[in-house]
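Undergrad: Single-letter residue listing:
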Amino acid sequence: MSIPPSNAPEMLTFNLLFKTLPLTPRAGTLAHHSGATIQTPHYLGITSRGAIPHISQDNFRKHTAIHGVYVALEDFIEKLPQQTPPLYHLSAPAHESSLRNFIALPKETLLVLGPRRAPPVPCPAANTNSAISILTSVGFRQISSQDYAAAAERLRPDIVVGMADIPFGQEVIGVKRKDKMSDRTELWMRDIISKKSGLDKTVKKEDAMPSYDIFAPILPVSRELQSWYLEHLVDDMVDEISGLAIYDAQLLDELPSELQHIPRLSFDFPTSPQKLLYQISLGMDLFTIPFIAEATDAGIALDFSFPPPSVSDTPFEKTSLGVDMWLATHSASLAPLSINCSCYACTKHHRAYIRHLLSAKEMLGWVLIQLHNHAIMDAFFAGIRDSIASNTFEDDCKAFEAFYEVDLPEKTGQGPRVRGYQFKSTGPGEGKKNPPAYRMLDDPKESLSEALTPDENADASDLERIGFAEAEDKGR
Amino acid sequence: MAPVAMPSALTYELLAKCSVTKARAAILHLPHGPVPLPIFMPVATQASLKGLTPEQLEETGCRLCLNNTYHLGLKPGQATLDAIGGAHKFQSWPHNILTDSGGFQMVSLLKLAKVAEEGVRFLSPHDGSPMLLTPEHSISLQNSIGSDIIMQLDDVIATTSPDLARMEEAMERSVRWLDRCIAAHKYPERQNLFCIIQGGLDLNLRRQCTKEMVARDTPGIAIGGLSGGEAKDEYCRVVDACTSLLPEKKPRYVMGVGYPEDLIVSIALGADMFDCVWPTRTARFGNAVTANGVLNLRNAAFSGDFSSIEEGCQCVCCRPKEDGGLGITKAYIYHVTAKETAGAHLLTIHNVHYLLSLMKSARTAIMEDRYPSFVKEFFRKLYDDKSKFPEWAVTALKGVGVDLLGD
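So the sequence lines, in the order shown, correspond to chains A and B.
Note that the UniProt record's numbering has the first sequence beginning at 1, numbered continuously upward.
Note that the UniProt record's numbering has the second sequence beginning at 1, numbered continuously upward.
Just chain A, with the same shape it has in the complex:
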């Protein structure tokens, strides 16, 4: 069931392991001619400015098994259109992507480009008929559909996700606004498709540049409200699209049959493994999962597997989905983050060190937890694929829900410094997002001279007793 785009060499193929009915889990293989192959269901690593947060490119190669990444154009275009973004000046050999080279992404890793970060920061200005609001490193701006299509052509990711008109952050969306969403999104899909087709016509078939595949957005509104858009996707554009970007997993129930066979990428961000499993049960293939990095920043090492460990009798208490590495109980623990985990953090380091790194606010703490959390997700998805292949998915999901708690543990410790693109500003007078790193001790001098000090023969344990070593742990 492969899908060769009509007017380009075959780029992306998607083969399902076996025929599946709508609204059932499915397993398959997504292969790009560049060499990237992803067994689905799987996830794309979410990047920030070209890197998975905390993971430098060398660690990405050595210590992750991430097969695909999601990159947001808004991370790269700064003052477009007033100023040409620096990246646009980078030329790449005919068969390479300048974006891939710029961010030093290995050629075997699938590169998916979308307009906005996942999850996007809501913007104050509304989208227009020709442009969406975005947040670049220089502030809130807009990018037009034409500029977005041009960016895809210039940067040549493996897959580009079509621009969708979605008013992020808006609680209630009126019916008229929803009408507009599908009208605009259709228009913008036509823009990006015609840009790509135009590109192909100017080049002779045999030395055609590697092109990109287009994923069409499916809007988070009911099928009725986007029926025109969906009809036109099926009638006019189906040959040009290689996949779907789905903003509401419930829509999997209402997809036209002509769009059933192509891969589905979820932007309906699951907030827990259980919610992710639910989307898979509806037939989702690919995910972007913000909770991985959110757990990392909170100092939580994910700790779950699929199917769950078998237990002779149901555990009295449900097992936690993660370990809070801020807890003082890990202070002297030589245990890995998760037993049986073979990631770099678990094989080379122990909880005591990682707990220390968090408490000392050393960057390496988040590096190690991030590597671990991605490894846990790799194993989780491998377990899911096996389970689908052996037709035990439904039972395994039930066992998972019975075994684990519903939510990830609450964050107790402090995260790394947050950046402007990670939160929505609430306007004037808001508090500082990052506590000050340093403060002076201005206690009166007298307390020093009056103080009792240990005698000369005291050893360091006396020092410790008065607080040199462990005082800061008392409260935890």
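Partner residues are not named here, just some residues of chain A that face chain B (Cβ under 8 Å, in silico):
id	residue
1	P53
2	I55
3	D58
4	S331
5	A352
6	A360
7	R419
Taking lysine-lysine pairs in the DSBU-like style, the calculated list, with each CA pair at most 35 Å apart, reads:
id	chain 1	residue 1	chain 2	residue 2
8	A	K361	B	K360
9	B	K339	A	K195
10	B	K250	B	K114
11	A	K433	A	K62
12	B	K398	B	K250
13	A	K348	B	K360
14	A	K433	B	K339
15	A	K275	B	K339
16	A	K432	A	K411
Just so you know, these hints were derived from the structure itself, not from any lab.
Bear in mind the structure is a predicted one, so any value in this text is a computation, not a measurement.
Just so you know, even glycine gets a beta-carbon here, dropped at the ideal spot from N, CA and C.
Starting from the known structure of chain A, arrange chain B on it as the hints suggest.
TA: Below, chain B without anything else, positioned relative to chain A:
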């Protein structure tokens, strides 16, 4: 009242001496493996080198890094270090570690630190409660850390202090504290205690201190109290005066020195070991250390510069992807600096690699007895014009027979 010669857990194997300058090339055999001298030691203050995994640090070529006793004493604390079995195991670092005494941090980080004969009095940075760090505490902590090289607690005051009497007191106290450190040191057979020569910028005090310290026969010798804002030619005079009095068969460590030109000149003056937070700290501000000087990659001029951080550099960031590297460009560092920590990690790798490979080239030059021409070449690359050569370097190098301004 110098105690009897203490055991040593190192071997200093002298390989070559420059026939012109006082530069030396050697192998220092330490409990966790040999390290080449001269050497730059990156500073992993809190048992972690600023976001790098021990494996990444190892790949820069590093085999000896620093931990700070003061920081490890606060976190994770001595009890944890004892429970885990020392800092090597704690941070999974299979190579050598050097720890300072903790005294310097007291004085430099804490507003209200007071030095008395029994030790350094200070207020806890956590709750403001008063504490005392004695030579015995410091050594006990360093014994728990298990570092391969440990430093005596010394009385550090700014070299720029005009108070000669206080300076003399500090120098003499440092000698007395060394004796207390030697007496308190539990594992001389596996941890090497280095003395620290004090005496400010007064060469007589320095010579007197050197004599006293050398008599204690520690496995290695450090020159301390420098790099505190003194004029560079005064710094050079002190290093030169001290190394002239030091035994040939012992490693010499100049504390807190880290600019490339300082290292190159100090090697010519007979120093072997250096440490500084500058290369790693400056990396986090987007500064790349290169043979042609420091590049501030946050400058918009680099936003569209798609060349490697430093051409020909063999670090994993700079090597092109065809050679198994990452092919990171200046423009990409510009793109991520101060926005994603991964950018800081990449530049930290480059900067540490730069200094380690600079030391390697210096060492090769000494072995091939062409250190003077190496020094000239280094300064020519760093400054595009001879008129820009720093005067202190010209003077110091002239003192050891190198005419930087000549051909």
